[in-house]
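*Asks:* Here is how the chains run, residue by residue.
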Amino acid sequence: MLTKTAFQGKVTKTNQLFIPFVVAGDPSPEMTIEYALRLQEQGADILELGVPYSDPLADGPTIQRAAKRALKAGMSLRKAIELVPEMRKQGVEIPVVIFTYYNPVLQIGHDAFFDLLEANGVEGVLIPDLPFEESEEVRNLADEKAIEFISLVAPNSEERIKQIAEQAKGFLYCVSTLGVTGERNEMNAEALNFIKEVKAYSPVPVAVGFGISNYEHVKLVNDHADGVIIGSKIIRVIESGLEKVENDAKEEALQDFSKEIKQLMNG
Amino acid sequence: MLTKTAFQGKVTKTNQLFIPFVVAGDPSPEMTIEYALRLQEQGADILELGVPYSDPLADGPTIQRAAKRALKAGMSLRKAIELVPEMRKQGVEIPVVIFTYYNPVLQIGHDAFFDLLEANGVEGVLIPDLPFEESEEVRNLADEKAIEFISLVAPNSEERIKQIAEQAKGFLYCVSTLGVTGERNEMNAEALNFIKEVKAYSPVPVAVGFGISNYEHVKLVNDHADGVIIGSKIIRVIESGLEKVENDAKEEALQDFSKEIKQLMNG
Amino acid sequence: MLQVFPDIKGRFGDFGGKYVPETLMGPLQELESALDEAMEDEAFLKEYHHVLQEYAGRPTALTFGDKVTKHLGGAKIYLKREDLNHTGAHKLNNAIGQALLAKRMGKQKIIAETGAGQHGVASATVAAKFGLECKVFMGEEDIRRQELNVFRMKLLGAEVIPVSSGNGTLKDATNEAIRYWVANCEDHFYLIGSVVGPHPYPRMVRNFQRVIGDESLRQFKEVEPALPARIYACVGGGSNAMGMFYPFLEKEVELVGVEAAGKGIDTPEHAATLSKGTPGVIHGSLTYLMQDENGQITEPYSISAGLDYPGIGPEHAHLFQSKRVRYEAITDQEALDALKLLTETEGIIPAIESAHALAQAFKEVPHMSEEETILINVSGRGDKDMATLMEHFKEEVDHAH
Amino acid sequence: MLQVFPDIKGRFGDFGGKYVPETLMGPLQELESALDEAMEDEAFLKEYHHVLQEYAGRPTALTFGDKVTKHLGGAKIYLKREDLNHTGAHKLNNAIGQALLAKRMGKQKIIAETGAGQHGVASATVAAKFGLECKVFMGEEDIRRQELNVFRMKLLGAEVIPVSSGNGTLKDATNEAIRYWVANCEDHFYLIGSVVGPHPYPRMVRNFQRVIGDESLRQFKEVEPALPARIYACVGGGSNAMGMFYPFLEKEVELVGVEAAGKGIDTPEHAATLSKGTPGVIHGSLTYLMQDENGQITEPYSISAGLDYPGIGPEHAHLFQSKRVRYEAITDQEALDALKLLTETEGIIPAIESAHALAQAFKEVPHMSEEETILINVSGRGDKDMATLMEHFKEEVDHAH
Ligand SMILES: Cc1ncc(COP(=O)(O)O)c(C=O)c1O
Ligand SMILES: Cc1ncc(COP(=O)(O)O)c(C=O)c1O
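Protein chains in written order, with our numbering: chain A, 535 to 801; chain B, 535 to 801; chain C, 1110 to 1510; chain D, 1110 to 1510.
Note that these hints are calculated values from the structure, not bench results.
Only a predicted model underlies this, so the values are computations on that prediction, with no experimental measurement involved.
Do not take every clue at face value.
[Said to hold, decoys possible] In silico contact screen, one side only, chain C against chain D (beta carbon under 10 Å); selected entries:
hint: 1; residue: 1190
hint: 2; residue: 1194
hint: 3; residue: 1212
hint: 4; residue: 1213
hint: 5; residue: 1217
hint: 6; residue: 1244
hint: 7; residue: 1443
hint: 8; residue: 1446
hint: 9; residue: 1452
hint: 10; residue: 1456
Idealized CB from N, CA, C, for every residue including glycine.
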């Protein structure tokens, strides 16, 4: 049961958070909005909007493929951020977290980046390769702009778990198993203990990601954490519909997508 | 003018010596005898009968090719020596010098080798890779059997010229130019000086070899030395007739051969 | 003082740091502690130096290039002969250091990235020598281009893991190695091949390569009354250069790092990170890199696989910014010409990487005085480059006689 | 006393001498005088040792093979690392000595024979370094098989002369080099690559290679209380073995020379000259060789081009006859297995030639006590053999993981 406040009250549900991840521009900006709408329909609470990157250190092959498709379609950090108002127009109401590697942010510049986030009504930002020790300036800027800076903790963060968890904003991203994003078939008992520890320190909801790929996982995570983050699995569903999208059977692809997501979240 | 005695009186001519070289068994033992007869007809005084060898260090490509043909036809040191009585039967009367590399001799053994030479009526022996310093035992054996052990001197033999020339038997083989056997177009002035020096020491006729390939050479050499040794040139004439020999035009080949040798020796 | 770099956060001035997924922060911390302990431990240092000497063949020679000096006229040219190291390049110095550290940390498995295969071979070699399991990540494109080194690693008992992501080259192999490490950091040691990556790698690799400069300093003093006026080293990730430069940073010696200009720095095909790149984050470190306007890392180009890297060690970025080191860029053709000249005059066929340093030096020595001396780091031998060299020189040498 | 060999006639017991065309007697005499003078000249010896050290990278390491020792059990295995020499084998030691002698004699042109190309590369290398013109004679068949080394020689500025006589292999290349020397001895120096050929070559080459044994003796004493019980070296012409053995001839050490048994000494395909050959003359020297009943030299066979020679140095013939050295023969397969074992346990890929010595030692050490030590000469590195090794091991290593 979720009791903590997050995203300045925009996330108000009391049941478990469902935080899906899609890559902006995979396979096109238009389709990303369509998928976002379907995810919202299926109960998504927060959307992680991934910015495709040439060298995504923390991502597995599925998300790498998605990034490649999106880059080919011309997506960039700036365009991904500018996609958010477009989403709003078409009905996406849930908070959006921009998920981007640090280098593109650096090229825009910290100040300009946050101005851009603010101007486009982005609620949160997650930078997977900017750990606590390197993120002070960015965290301060995020605070100034009242944008949630999402932190991650991992089982091997050890004495840093407390430090990271205590300053968490928006929600805290728990890496359930060591490893890059991807689908795995079993949840790790140790990981569950770790979640317990994190929850004890965190002022915000604790969501678990990395490796959640079926309803069993979702149930297991929801028994212990405040929410699930699902990335690779969703990308794979999108991937399986690519052919239909290309062949003008967009509607059918989206129906399939909704059905699969429903199944994933509700069994 | 030749005044010295050689080959126990068998070489008695007073004009210049003509010493041709053929490879035993090139292209067959029978043909070798035929060529020997023709050479005798053309005035040869001594026949150098070359034993084909796998690794003829002192021979150029022409003689290497001849050796290859002869080896292919099954020739060996023993067979070459045993070819001599056959030659005699067919009319070769001039002295025969067996020209062989040292290794085949070693394999037969010194004593057995000289027994073999003696038994087959061979008059001389030349071992191009057995220099003076290594040949004492062989020279003694040759003396015992009254077989001429032919020595070589070269322009760069220097202080050894005297030593080698003074003990020379049969005839002394003068290497006119540095180098392995083969045809060259010019005689070397330095070489002529060298011949003069050699003649001063030698108790036997001084013949010049290595590189004599036309009548001009022959004349030039004959102006200064006691004779000419001709190898590669003769092999090339044999080579040019190989096709005819193979095609049952043996007589024609031999006629061509005689004509060429005549031309070589008499212009 | 220069020597205090990197600071406690792993910064060389503005550069360096640890820009890595959270999961790596623990392992990096563990590595740093172990490294700090090891480098204070006499026994560890003794073993490291013992292995360098009795296994790798150190000290490597310092050769006076009398013939090339005469040929060019000007300053006297000395060559530090890392090409004589076991496995043929300086890479082994670092691989030995890290493998010993891995053992000390109780890690029985190492992973490594490789481009042309030099670091992969060095890693496979130390894995064999120290009884470690070894996985080498290598781009599929590079696997195709470097069949021989792939086989060599396998013969040494290493597993070569093809990387198909990105363009299938070094950058992608490094990404993949890091990803694999993220997932398997508990029992795996990641053996990085240059002074790149997150802190403490740039410092660690530099310290395991400084033996090049330490030896050079000592050897030079034995043969010349004064230090060299200039020292040249090629820069890919920058490890041979850092190893050579480090002990000279506070000496009065001009230091010259030479990048790969490929087909020219005014073309898109080069790997001249400092000359043409901009600051950014690559492989966990804030440094210079080659990227497009959106911050996407671009594919570099150089004829030499070892310089074909879009980033550069953060300490070099700092030395560039602080102007302590001068950085130049040399084209493929210039490097090949220098390689040929050294080969013909000194009988030493250098790696094409090293030939970049040679080329820059050869440009400069004729303008220097005969009283001056210079030192060039010959980071590796050219055996690995024979196929490339044949392509470029076969006709020329076939018609030489 | 062993050290007085060869005698004044160039004899090692019954073997050696000068079985050459008369035209070479002068040049050999000239060489001998120059050599004797040089070897008495402090300045010459100093330069030779200086070049070995500052150019070739000597001393080469003495490596304790701890892992292979543990793997096999028994005597402790030490490796003399000639593979770390510049250009990758012991061949350079001799090439340096002879090139310096050529220069001293005022000969600006050198010729050399080569089989696999190792001695050719060493000769081309010293020719480049000392500014000499270089012609390398190489059989046409070998040129086809060793394309890379041919290119390397050419890149170094040497002319490679194809030899089509005989079977177009090393024996024929040597014949042709000698023939060329006969015709051009005035201004040419013939740089022979092993302890073969007419006197004074076997002595000269041994003396230029004894640095291997001299260093080993000194290095061994630094790490072990007693001399090794046995020393192993492969034998082609026999130069690395003679160089290693010579300083130990009067010590209480068992010396083991290892020939190539090819496909087995009971087959016609081997190069086990002492095991299966008979005395005779080859390339100007009386020694053991492989020949047919008519004294025609036969073509040897070994997987390793450097051992694929039908003769052997006359000093070995003497040491064989006098039983001072034990000679064994190792098959292709045994050598390959030993190569793989050393690679996997020690991270050293040896030349296939050297692997013959390793194989014999590996057979014996398990039967020796752990208190004993042995020393193996790793005459060269395996880089040159990669194509051959790939043929033999590719499938195996590809399926290892
Ligand atoms: C011989 C050689 N030199 C230089 C380099 C470049 O690396 P670094 O700049 O780290 O020395 C490499 C990389 O493989 C190399 O093999
Ligand atoms: C590495 C290596 N070892 C051994 C040999 C055999 O020569 P030797 O017996 O003269 O040492 C060679 C010849 O090329 C070689 O390259």
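*Asks:* Each hint needs a verdict: does it hold in this structure or not?
*Replies:* Structure-based check of each hint:
1. Hint status for residue 1190 of chain C: holds, given a least beta-carbon distance of 6 Å to chain D, under 10 Å.
2. Checking residue 1194 of chain C against chain D by beta carbon gives a least distance of about 8 Å; that is within 10 Å, so the hint holds.
3. A cut of 10 Å between beta carbons decides the hint on residue 1212 of chain C: the least distance to chain D is about 13 Å, and the hint is violated.
4. Look at residue 1213 of chain C: its Cβ only gets to about 17 Å from chain D, farther than 10 Å, so that hint breaks.
5. A distance limit of 10 Å between C-beta atoms decides the matter here; for residue 1217 of chain C the minimum to chain D is near 14 Å, and the interface restraint is violated.
6. Satisfaction of the interface hint for residue 1244 of chain C is found here, the shortest Cβ-Cβ separation to chain D being roughly 9 Å, below the 10 Å cut-off.
7. With its C-beta approaching chain D no nearer than about 17 Å, residue 1443 of chain C sits outside the 10 Å limit, and its interface hint is violated.
8. Annotation: interface hint on residue 1446 of chain C violated; nearest CB of chain D at approximately 13 Å, more than 10 Å.
9. At a threshold of 10 Å, the smallest CB-CB gap from residue 1452 of chain C to chain D is about 5 Å, leaving the interface hint in force.
10. A hinted interface residue such as residue 1456 of chain C counts as satisfied when its beta carbon comes closer than 10 Å to some beta carbon of chain D; here the least separation is about 4 Å, so the hint holds.
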